[in-house]
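Visitor: Protein chains in written order, with numbering that gives the first Met the number 0: chain A, 0 to 457; chain B, 0 to 226.
No wet-lab data here; the hints were simulated from the structure.
Quick caveat: nothing in here was measured; it's all calculated off a predicted structure.
Treat each hint with caution, since some may be false.
As the list claims (entries may be wrong) - In silico lysine-lysine, PhoX-like type, Cα no more than 25 Å apart, as pairs:
| hint | chain 1 | residue 1 | chain 2 | residue 2 |
| --- | --- | --- | --- | --- |
| 1 | A | K333 | B | K201 |
| 2 | A | K195 | A | K205 |
| 3 | A | K332 | B | K201 |
| 4 | B | K137 | B | K42 |
| 5 | B | K179 | A | K311 |
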Amino acid sequence: MSFLPKNIRTRLTLWYVLALTFILLLYAGVSITLVYINLRNNLDDQLQQDYEIVENLIRIMPNGTVHIDSDDDPYFHERWFQIWSADWKLLYESRSFTGKILPPISKSVETTDGFHSYSLQLKNNVDLRVLSGKINIDGKWLFIRLVRDEESLWNQLSNFMRLMLIALPVAIILAGFGGYFLTKKFLSPIDEIADKARRIGEENLKERLPVINPDDEFGNLARVFNEMLERIQKSFVRLKRFTSDAAHELRTPLTAIRSIGEVALQDYKDAKYYREIIGSMLEENRQLTHLVDNLLFLSRTEVKNFKTHLTKLELKSFTQETVEFINVLAEEKKQTIIVKCESEIIVNADRTLLQQALLNLLDNAIKYSPENSEILVKVNIAEDNSAVIEVKDNGPGIPGEHLVKIFERFYRVDKGRSREMGGSGLGLAIARRAITAQGGTLTVKSEVGVGSSFKIIL
Amino acid sequence: MKILVIEDEHKVAEALKEGLEHESYAVDIAHTGEDGFFLLNSKQYNLLLLDLMLPGRDGIEILKTIRDKKLDIPVLILTARDTVEDRVLGLDSGADDYLVKPFAFPELLARIRVLLKRGKEKQTSRLQLADLEMDLIKRKVKRSGKDIALTLREFDLLEYLLRNQNQIVSREMLAADVWKETNRATPIDNLIDVHIARMRRKIDDPFETKLLHTVRGVGFIFSEDTP
C-alpha cells in the first residue's frame, strides 16, 4: 500500500483519525435525525392541541353554514386552519392564509378516519406542517385542516448542524494530535529494542534486548528475541568450540608428519629407511583424510534438506549381515557377538546410514569390551511400535557426567586411550546423525563397571 | 599411450606426471582450462585426467565442449567435491569415471587401466601366482598342491589380489571392490588389516616364499618379489 505513510506511528494515527471521523459522522447523522424527529413531534403535538381548540370553536348554523366562535380563543389570529365539507368544498379558512394557497385536501388520504400529519412545501419555499382530521358536528361530517410553519424547526435544526460542523473537526484534530503523541509514547519501546538490537553483534552476543514491561506485547517480543539470541549465542559457542577442536585434531597428524619428515632429513640414510619414513607419513595422511571425510559427512548430513534414501529393510537379516561384516574384529579379541531377534521386522530406513551407525556402535563395543566377553545385539519391536536395535556390551561403562556429552563431536571419555585406538572422536556423533537424519533416535544407558547399552530407535 | 592432465595445482600435477611416467605413460600437463583445450585440439591423447575446479573455464565447461565437439576421448574426473549431486553432474556432462581427492595413487592407476581397456578382466576360470592356484569354478585354492580353506570373504579378497597381482592395491580399493563399502566416512581399515593378517596366516606363513606384502602407508601388493 504505497499511498500509506511508511512509519507506523503516522499510520496508526491516520487510521485512528479515520475511524474516529467515521464514528463521529455516524453519531452526528444519528443525532441530527433524532433532533429532527423530536422537533417534528413537538410541532405535531402543538397542532394536536390546536385541533382540539379549533374543534370546540366550530358551530353549525341553522342555515347549514359554519361559524367559528373566535372570541373564545385568545390566539385565534395566529392560527391557520381550513374547514372542508364532506363533499370536498372549502367551507372556512382562517385569515392568516392570506396570500398562501394550499393545495386542495387529498381525497384519498386525508378524508379517511383518524388524524393525518405531513409536511408540505409551497411554491415559494415555505415549509409547512399539516394536521387534518375528520369530525362530526351535529350530525354533519367535516374535515379540519390545521397548518403550522416549519420555519422555526428548520432554524433550530440548522443551528444544531452548524454546531456539529464546528465541533466535529475540532474534536478530530484534537484526537489526532492526542493519538499521535500517545502512539509515540506506546511505540517508544520499539525504538529502544531496535537501538539495542542494532548494537548486538558477533562480539557482544551476550547482551540482551531491554524488556521494559514483561507483560505487554513489546515485552513479549523482546523476550522472544532474547531467547533467540540465547540460542544463537549457544550455537556460536558450539561452533567456536568445534572449530578449535577440529583444528586441534588436525594438528595431531600434522605434527606427526612434520616431525617424522624433519627427523628423517637430519641425516643421510639408505633408501629402505626413507621408504619407511614416507610410509609413516602416508599413514598420518590417512588419518587426516579420514578426519576430513568424517567432518564432511557430518556437515553434509546436518544440512536441513539432506536427502535420505529410505527403502523397506528387513532388520533381522540386516543386523546379521552387519554383525557378520565386523565380526572378525570381535574374533580377534575372542569376543562373541550374539544377535537376538525373534521375528522378521520390516522398517523404512536408509540402509547405508543405518549400517554406518550400527557399525560404529559395534566397533565401539568391540574396542571397549574386554577379551572373551559377550556383546549382545537385540532387535525387537518396542511397546510404542517402534523398531529397536540395541547394542549391549560388558565394557567399563560410561560415567554419568560424560554420558550426556558422548554424542558431541570430538568428545572423548578417555582422551589418550581413544586416540591410541584410532578413534577420531566422531564415531558416536556420526552414528547419531546417521540415525536422526532418517527420523530415528539414538540413546544410551550405562553403568560403570557393568557396561553400556546403545539403542537405535526407528 | 598419451595422457593429458589438466590440473591447476602444480604439485599435484607434477606428482601425477611422475607417477604416470613411471608406469610408462606419456604425460602432458596443462594448468588452465584454456591451455588444456588447446593441447587437446593440437595433439592426440588416449585419456584426459580433468580437475573440476580450474581457474577461468571450469572442468565441467571443458567437458561439455569436448563432448559437443564429439571428441571421443575417455575422461576421468579428479575432484575434491564428492556429493552424489556432484558425481551425477560430472557423469552427466560426459565423464567416464570420477575419482575423489585425496585419492590413492594405485586406485588412479587401476581406473586408468580400466578406461584404456588394458586392465579388462579376462574371462577365466583359473588364476595363478607362483605356486598359488585358484579355481574360480570349484572355488578352491591350492598352494604347492595343498588345499587351503578360505571363508567367502577371504576367497573374494584373494581373487581380487590375484587379478591385480604385481600392482599395489590400496585399502580404499579393497573397501570398494571387495567389501562394497563406498561410504568414505565408514573406515574399515582395521577390518581389512585383520583379514589380510588371517589371509597371510593361511597362504603365506606355512611357505618359504611370501606373496602378500604390505606397502606401508599405501596398501598391499600380491607378488613374488618383495617390493
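Visitor: Determine for every hint whether it applies to the structure shown.
Guide: Going through the hints against the structure:
1. Distance restraint check for A:K333 and B:K201: the Cα-Cα separation of roughly 19 Å lies within the 25 Å cut-off, and the hinted pair is therefore satisfied.
2. Taking the CA atoms of A:K195 and A:K205, the gap is about 12 Å. The hint holds against a cut of 25 Å.
3. Our distance criterion of 25 Å between C-alpha atoms is met by A:K332 and B:K201, whose separation comes to about 19 Å.
4. Proximity of B:K137 to B:K42 is assessed by CA-CA distance (about 49 Å); at most 25 Å being required, the pair is judged violated.
5. Between the alpha carbons of B:K179 and A:K311 the distance comes to roughly 20 Å, so the proposed pair stays at or under 25 Å and holds.
Of the numbered hints listed earlier, the single one contradicted by the structure is hint 4.
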